[in-house]
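Protein chains in written order, with my numbering: chain A, 11 to 681; chain B, 11 to 681; chain C, 11 to 681.
Careful, some of the hints might be misleading.
Just so you know, same-sequence chains aren't split out, so a pair can sit in one copy or run between any two.
To be verified - Dumping the calculated DSS-like pairs for lysine-lysine here, alpha-carbon to alpha-carbon at most 25 angstroms:
#	residue 1	residue 2
1	K181	K609
2	K190	K287
3	K331	K562
4	K553	K331
5	K172	K102
6	K137	K287
In case anyone wonders, no lab produced these hints; they're calculated from the structure.
Note that the coordinates shown come from a computational prediction; the quantities given were computed from them, not determined experimentally.
Listed below are the residues making up each chain.
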Amino acid sequence: MSIKNKLIYGGDYYPEQWMDHPKILEQDIQFIKKAGINLITVGVFAWSVIEPKEGEYHFSWLEEIIDRLYENEISVMLATPSGARPKWLAQKYPEALRVNEGRQRNLFGERHNHCFTSPVYREKVRKINTKLAECFAGHPAVAFWHISNEYGGECHCPLCQKAFQEWLRKKYGTVEKLNKAWWTRFWSHTYDSFEEVESPSSVGEKSIHGLNLDWKRFVSDQTIDFMRHEIQALRDAGAKQPATTNMMYDFQGINYGKMAEYLDIVSWDSYPLWGKKEDVRIALDNGMQHDYMRSLKHRPFLLLESCPSATNWQGVSKLKKPGVLMNASLQSIAHGGDSVQYFQIRQSRGSSEKFHGSVIDHYGGADTRVFLEICQVGRTLESLSEIAGSDVHAKAALIYDIENRWAMEDAQGPRNDGLYYHEAAFKSYQALKHCGLDVDVIDMDQKLDGYQIIAAPMLYMFRSDMEGKLREFVKNGGTLIMTYWSGIVNETDLCHLGGTPHDLTDVLGLRSEEIDGLYDWEENTAEPAAENELGIVRPYTGKNLCDLVQLKGALALMVYGSDFYAGRPALTKNTFGNGTAYYVCADMEEAFYRDVYKKICERAGIQGLLEDVPEGITVNSRENREYQYLFIQNYGQEPVRVALPEGYEILAGEYEGAVAAMSTVVWKRRK
Amino acid sequence: MSIKNKLIYGGDYYPEQWMDHPKILEQDIQFIKKAGINLITVGVFAWSVIEPKEGEYHFSWLEEIIDRLYENEISVMLATPSGARPKWLAQKYPEALRVNEGRQRNLFGERHNHCFTSPVYREKVRKINTKLAECFAGHPAVAFWHISNEYGGECHCPLCQKAFQEWLRKKYGTVEKLNKAWWTRFWSHTYDSFEEVESPSSVGEKSIHGLNLDWKRFVSDQTIDFMRHEIQALRDAGAKQPATTNMMYDFQGINYGKMAEYLDIVSWDSYPLWGKKEDVRIALDNGMQHDYMRSLKHRPFLLLESCPSATNWQGVSKLKKPGVLMNASLQSIAHGGDSVQYFQIRQSRGSSEKFHGSVIDHYGGADTRVFLEICQVGRTLESLSEIAGSDVHAKAALIYDIENRWAMEDAQGPRNDGLYYHEAAFKSYQALKHCGLDVDVIDMDQKLDGYQIIAAPMLYMFRSDMEGKLREFVKNGGTLIMTYWSGIVNETDLCHLGGTPHDLTDVLGLRSEEIDGLYDWEENTAEPAAENELGIVRPYTGKNLCDLVQLKGALALMVYGSDFYAGRPALTKNTFGNGTAYYVCADMEEAFYRDVYKKICERAGIQGLLEDVPEGITVNSRENREYQYLFIQNYGQEPVRVALPEGYEILAGEYEGAVAAMSTVVWKRRK
Amino acid sequence: MSIKNKLIYGGDYYPEQWMDHPKILEQDIQFIKKAGINLITVGVFAWSVIEPKEGEYHFSWLEEIIDRLYENEISVMLATPSGARPKWLAQKYPEALRVNEGRQRNLFGERHNHCFTSPVYREKVRKINTKLAECFAGHPAVAFWHISNEYGGECHCPLCQKAFQEWLRKKYGTVEKLNKAWWTRFWSHTYDSFEEVESPSSVGEKSIHGLNLDWKRFVSDQTIDFMRHEIQALRDAGAKQPATTNMMYDFQGINYGKMAEYLDIVSWDSYPLWGKKEDVRIALDNGMQHDYMRSLKHRPFLLLESCPSATNWQGVSKLKKPGVLMNASLQSIAHGGDSVQYFQIRQSRGSSEKFHGSVIDHYGGADTRVFLEICQVGRTLESLSEIAGSDVHAKAALIYDIENRWAMEDAQGPRNDGLYYHEAAFKSYQALKHCGLDVDVIDMDQKLDGYQIIAAPMLYMFRSDMEGKLREFVKNGGTLIMTYWSGIVNETDLCHLGGTPHDLTDVLGLRSEEIDGLYDWEENTAEPAAENELGIVRPYTGKNLCDLVQLKGALALMVYGSDFYAGRPALTKNTFGNGTAYYVCADMEEAFYRDVYKKICERAGIQGLLEDVPEGITVNSRENREYQYLFIQNYGQEPVRVALPEGYEILAGEYEGAVAAMSTVVWKRRK
C-alpha cells in the first residue's frame, strides 16, 4: 500500500452524506489525489447508514468507496461507528442513553450520549464492530482501525452507579478503608456499605474530594474498558491492523496515559487558535500537546484531525494566513508525528459543522487558496518520507499529570480563583524549549530514566511513587526543578502529615511552612540573593501563590522582595546525592522560567539543539538509526537568522542564513 | 364614538384591582378625561375575576366600567384574558401548563405559562372569548379587540411533540425528505419516522440546525394558530370590531410577518431605553421597529403600550427627562402610528410591576410632573387629528428577516462570539434615515415593487425566492446594497453549492471565496480605490467579519488595508440590467454606512425629505390624499437649525429656523 | 470551671476524625493548653460516630474526650449533631432530604440537606439530643450547648408546602385576605384556598412579591422552630447550660432577630477578607456585623468561629499578616464579644475543608508562625479577663433590617442593576464610627429608646410600626437621618398610597415625588445650598438613585448639581417636635456621609469617644458597673497618634502617644 514508509496525509470523509450525488463522489477522488492524500478515514458516525434497522447491515456502499480508494492507491482508516448511536437503538433501548449528573435520563441526540456500562449498548457495538471486521479486516486498503471518536463524557445511570460501587469494592476491599481514604467522618459522611455510594451530583454530594477523584478515575477506566471492548470485537473477528482512537487537546475527562496502553498507536485532534495570540506561543502550547501525545507511548503518533481553514465551532472562525497551514502541519512531524490528517475532506451541507474548514468546500472548485496550500503540504510531506517512523530522544521531561490536576483543581484552596496548573506547566515547557531541548511530557506513572533535567511544577498529589522516583533521579545525578504546592496529598487526596513536599524535604533541603494566596491584582517579586550561584542579576515578578519555606540545608538563590515575608527564599537549590534539586517558591513570570532554566542548564552542562533559540523560533529533532533530523520553524512575520550547528543538509524548505517568515526548514545530519 | 378620525390616546386599565376602592375608580375617570385620553384597554389578565370558578362568569363589574367610560365618551379596547390562566384551570387541567425544554411540567405561575396546543386550554379560551363577545360585541364603546397579551414562549409537552410531528409531516410529506433537508446523516441522526422527532432540548438534541429552525417555525405557527382560534371565537359570537395583539421589540419568538396576516391592525409595545445612549440613537433604533411594525401591513399601526415614566423591569428605572415623553409619543405618529397608549393608567399596589410608570401613580395626585406632561401629549395629539389614517410611502426598504436570524444565529460559525445581525441592519437603517428617506423594514416574504433602494444586510438565508426578487429588482433599475454573509443557505439551512451569494453572483459580479472572523480586538480598514466612482476619499474601519471575494465583473470601489488580504475588494459595484448592485464585504463602522449610502443615493438620484439631515435630528413623513405631513424631531440637548423645503405650514410645535432641544415640529403641505 | 469570669478562648475540635491516632489526640491536648485555650467545642457533625446505626448510640469516645479536657481544666461547648445527617438516616427516611426549588428531591450529601419540617427528621434529632443531654448535661466540663451548625437553606417538599399553607392560614385567616395582601389580581393569580399556594419556583411562580416575601419568612420561622425543637429536647432531658447557635455574616436566609429570642446567647462565625481592601474598611465592615450580633440581645456575644490563618473556601486563601490575628481577635472583644473561638483546632486530612487554617496544621509542630501568634492572643485574652460580661451602651443606632432587604431586593425597580442596601447601611455605619460613637445595629422590631441619633438608610418597607417609632423618636428630641427609597411599602410589600415616606412626610417635611435610576457610569452631585445650616462647603457626588422630593416645610441644605433636576433638594433638614429629621435624597459617596454626619453630630451636641478618630483607626468602648474600657485599634501599616481623653490607664497593648501599626491598645477608666 501507498502509506508504507511514508508520512501519512489524509482526512475524514463522509461519502454517506453524498450518496445521491454520484458526480460529487466521483470528483472527490480527483481532489484527494490532486492533494497528495494517501489515507482516507471512513465510517466515523456512519452507524445509521451501516445498520439502518436493528440487525440489518448495509456494507456495500462502504465497500464500493473503499474499493474505489484502493484502486486509486489510497489507503483507508476504518472507523467503528460508536461515536453516535442511531435513533432506533435509543428508541428501543433507553438504557443506552446517558443519565446526567442531575439524575435525568437524556433524550436522543448529540454524539457521545450513550452509557459505556450498558450491556445492551456494548452488545450492539460488539455486533457492528464484528460485522465491520468480518467485511473489511482482510481488505488490502484498510491500514488502521479508528475506534469510535473523541471518547468523553460520563453517565450516572443505575448501571453506572453499580459499576462504580464494584470498582470501589475492588479498589478498597472494605468500606472502612474507603471511609478512611475519603476521610468521611468529616461532615458525617460515613458509608456503611459500597452500595450506599452515589456518584457526585449537584443535587447530592460534591464536597468529598476522594469521592470526586475516584469517580473521575472510574469514568476514565470505564471509558477505556469500553474502548477495549470495541477493539476486542475487531480482534475476535480477525482484524490485525493497528488500532487508534483520537484524543483531544488537554482533555480532562480521561487518563490518556492509561488509555494509551491499549492502543497500537496514539493519535489526536489539534485545533490551535492561530492568530489569537502571538503564533509562536500558540505553536509552543500546541507543541506541548504533541509532546504529551508522543510521550504516551514514546513512539510516533498521528495527527488525526486538523483543520485546513477556519474552525467553525471556535468563538471566532479565523482563516489561516498563508503559511500557517504548512507550519502547523510540519509541527506535527517535528514533534514526532507521522501524519497530517484533516477533518474533513468535503464540507457537509447541513448540521453543526457545515462551516468547518475542509479540503473541498461548498463552492467545490480546486482553484481556492486553501486547496492550493493543501496541495503544497502534500508535496512537502512526500519529500519528507524518510522521516516516517523516526523517534524523538528527549533529555528533558516535564511532569504533567491528569490525576494530579483532577485532585488539585477540586481541592478547595489555596486559590479557588485560579491555580493555573496548565499555565505553570507551560511556563516550564516553554523554558525548556527555549533551551533548545526536545521535551517529553509525561505523567507520574512513567519512568524517569534517561533524562538529564526534569521540571515538576505543582505536583500537588504524589502518586505512583513519585517521591521515590524523583529521589532516585536526583540521587543519580539528575537536575530537578520542583515548584510550590507539591507533595501535599497522597493518592486519595489525604494530606500528608509531618511536612511537605512529602518525603522530599531532604532532597529539596526545605519544608514548606505556609502558602499565601494573592489577589489577581497583587504581585510580589523574587530578588537575586547576593552572589547566588546561578548568577541571577535581576528581579522577577510573581503572582497568585507564594510558598513560604523553611530552609533545611538548601541555599536561597532568590528571596521575596515584599510583603511580610520579604527576604525569605523565593528560589532555592539543594545538592542531593549526585544531583541538584531546585525549588521555585512562587508562580513566577515567564521570563523568570526562561532565564533561570537557561542558567540551570548551563550550569548542569545540558546542551540544546541550537546554541541559542531566537525569539519566534521553535526547534525540534527526530532521529532514526542513521540520521538526525532538525526542524526549525519560524512563527513570526519576519525572517529570523539562525546559526546552525555543523554537518546539516537541507531536506525541505529554504535557508540562506535565515528562516523566512512563517515557514519551516528541515535539515538532516548523519549520526 | 370619540376616536373616529382621531389619533388614539389611551392606556391599559385594571379596575378589577381596585374594586374595593370605589372612590379611586371614580377619581380615575376624572384623571383619564383630564389627560385627554380617548381609549381605555380593559380585560387584560382579568380571567380570574371574569371566571373565578369554572363556568361561572362575572361580567357585571366590567359592564359597569365600560358603561362609565362610554358615558364619559371614552372608547374601549377589550382584551381577551388568555395572557394568564386562573389557578383553578391549572389545578384541574394540568395539561394546560407548559413543559419546559428540559421536559419538566411547569407549576402554576407567571404569564404565558400555558400550552397553545392543549385542547382543554383552547376550549376554555374559546368559551370565555365567546362569552366576552356575547356580552360586549354590541357595546357601542368597544372599538377594538385586544387578543391576549404579548404572545410568546414555547411548550415541549407530549401534545406539542405530536403537533410538531404533524407539522413536519405536512411540510415534508416523507421522513426521507426531512432527513435530507436536515442533513441527518451527519452524526447518524437519521429519523425512521416523524413520530421519532423530538423538539430540541439541552438534555437531548441541540445540534441539528434544521430541527432547531423548524421547531422555531412550528412554535411561531402554533402561537399564531392559537391566536386565530381566539379571534375565531369572537367572530363566531358576532364580534365585528378590528382585532389586534400587542407585539414586542425585536422579538425572536414569533414570525410577526405571518402573524400580521391574521390581524386587522398591527400594534406593539415600545419601551426604549432613553438616556442609555445618545437619545437620537435610541430614537433611530426605536424608529426602525416602528417602521418594521408599519411595514407588516403597510398600514397605520397602534403603539399599544408605552411608559409615561420609568419602566420598572429594566435594569435601571430611568425617569424620562422633560420633553422625552412628547418626542417618544410623536415618534409613533411620525412613523405611521395612529395611537399613543400607555401601560398603565393606574399603578398597581403590589406584584411585579408595581413600580412601573403610569398615568396615575401611588401618590395619586394630578400635580405631578409626569401627569402634566401626559396632559400636554393629549392636547398635541388632539391637534394632529387629521393625520389619523394617513400612510407612509417609502422609497427605501431594509430587509430584516426573522427566519434568517433564527438560522444565522443558530448556525455555528463564522463568528460564534457575535455576528451582530441586528446591529448590521441598524447601520443600514440609520444610513438610509440619514439620507432623509422614509424606510420600510420588510422581511423576505414581502414584495420589492416600488422601492428605489434596498439594503440587504447579512441575508444568510435566502427564502421565499429572495434571490429571484432581488434579481428582478436590480434588473428593473433598482439600487441594491447587499453585504457579506448573504445567500449562504436555503430555507432548511442547507448550504448552497457552487458559489455564493447563491444565484446572485452575476447580479453582484462577484463570488465570496472565504470569510475571515476577527477577534474582538482586531480590525481592518477599507481604503478608497483610486478614482472610485463614488468619490470616496477616506478609509473606514471594519470589524468582526471580512469577506474575501473574487470579482466576476464588479468594480472594487474600496479595498482592504491590512492582513494578508490587503488590496482585495472591500466594497464593490456591479451594473446589472438597468440597476446597480453594491456589495459591502466587511462589518464596517457606522460612518462608512452613512457616508457611502449618501453617495449611493446621490449617484442614483434618490432624494430625501430634507436636503440634509443634521446630527441629532430625525425626519419622517406621512401622507393622505390631500396632504403630506413632515415630522422633524430633535433628540438633542441643543436647538438645531433645519432648512425646510418650500410649501410647508406648521401643524404642531414651534419653529423659527430651528427645532428646539428635545422637541418635535410637524408640518403639512398640500400635495 | 476555668471560663467563669474570663474571656473565652476556644475552637472546634473533631477528635472523631483521629480515633485511630491516639498519639495525635494526646498531643492535641498539649497544644490546646499551650495556646491558652479554655473552651473546646465538640460534637459538631458527629452524628455518624455517635449513632452509627439507627438507635445504636456510642458516647464513650466523647465522654473520654470530655473527661480528658476536664482533667486539663478546659471547658466544653457540646454540639447537637444535626448539622449533617448520617447516611443511614437518608437511606431509610427519604423524606428527611430536601426538595429543591425545582421540585427535585436531593440525594444524600453536603451539610444542611434535611427538611426542617419532616416529622421523622425531627424525631431522630429529638432522640439524639435527648441522649446527648442525658449523658452530658450533668458533666461539670460542659458549659454551653451549641445547637446544630450554621442553620440555613430551604426545602420545597410536600411537607413544607403543607406547613407553608398552614403558616399562611395562621397569618391571614382567610384566603381573601391573602389575595389582597399579595395583590393577586395582578396577572390573575388569585388563590381559591390556602391549599393552592405553592412555594416560589423557577418552574412556577417567582413574580408575586408577597408570596416570595412570606416564603422567606416561613423558611426563617420554620428553621427557628426546628432550632427550638432541638433546644427543647435538651431541656426536657435536664440540660441547663446556655444554648447558642452560630450565625453567619450578613446572612440572608434567616431573620436572626427572631432567632435570637430563643437563644441564651448569640454567637457568630466571622471570616473577614483581610487584605482584600484597606484593612480598616474590612474591620469596619466586620465591626458592623459584630454590632449587629451584639444588638440582637444587647448582651455580650460569642465569636464562635474564626480562622487563625488562611480560609480555604474563599476565592483566595490569604495568609493573615503578622498582627492581623491579634487585631481581629480583639475586635470581637471591643464590640462586646466575650470570646475568640477558632474553626478549627486540628486540620482535617481530607474533604472540603482540609486546607482551612487551624490551630494545629498538617505539619503538626508548635514552631509555626501561626501557632505562636495564637499563643500570644491567648495570653492577651487572659490579661483582659475583667472585661468579660461588660456591656456596650450606644448613643447611636443604625437600622438595618432583613425583612426590608428581602422585600426591597425582590421588588422590581427602581434599579434592578443594583440597589446597594448593604453598602448604604455601611456608609452610615462608617460615618457614625468616624464620629467616635458606639453603634447598635438594630432591626425594625427593636425599640428606639435611649438613642440620640438614628441612621435609617433605605427603609423601603416600614414594618413593626417603624413610622410610629421614628415619629416618637424625633418628636422626643432625637436626630434622625433617613434616606431615599424609604417608607414605600407595608409589611406585605403593598405600596403606600398618598405619598411617601409613608406617614413621615410631616416629620421629614417633604414628599418623595419621583426617583431616578442612574446607569453605572452616570453620576450627579449634591452642591451646598448657600448659607446652609450645617456649614457644608463642598460638593459631593452621588450615584445609582436620585430621589426628587417636594419640600413641605423642610430646608434644602444641598441641591442637585446637574440633570433636569439640578437645583432640587439633595439633602434636607426638618425640625419636628424637639428633634430633627434629615433626609438624604441620593446614594451619595462615602465622604458625604462622613462629613455630613460629623456636622450633624456636632450640631446636635452628640459626643464621640474620641474628639477625633484618625484615618485607619477604630474606637469602641464597653462598660461594667465600675469601669469603662476603651479599645483603639490601628488597622494601618503605620503608627498613628491618638489624643486620648483624660483618666485612662492601659490594660493591654503599648501606647506612647501613638498606637503601633496593626495593633490594639485597651484602656480602662473608673466611671
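Tested hints:
1. K181 to K609: Cα proximity of K181 and K609: none, with 45 angstroms in one copy and 72 angstroms across.
2. K190 to K287: neither (46 angstroms within a copy, 40 angstroms between copies)
3. K331 to K562: between (54 angstroms within a copy, 24 angstroms between copies)
4. K553 to K331: between (35 angstroms within a copy, 17 angstroms between copies)
5. K172 to K102: Both: 22 angstroms inside a chain and 19 angstroms across chains, each within 25 angstroms.
6. K137 to K287: For K137 and K287, neither the intra-copy (47 angstroms) nor the inter-copy (64 angstroms) Cα distance is at most 25 angstroms.
The structure fails hints 1, 2 and 6 (numbered hints given earlier, in ascending order).
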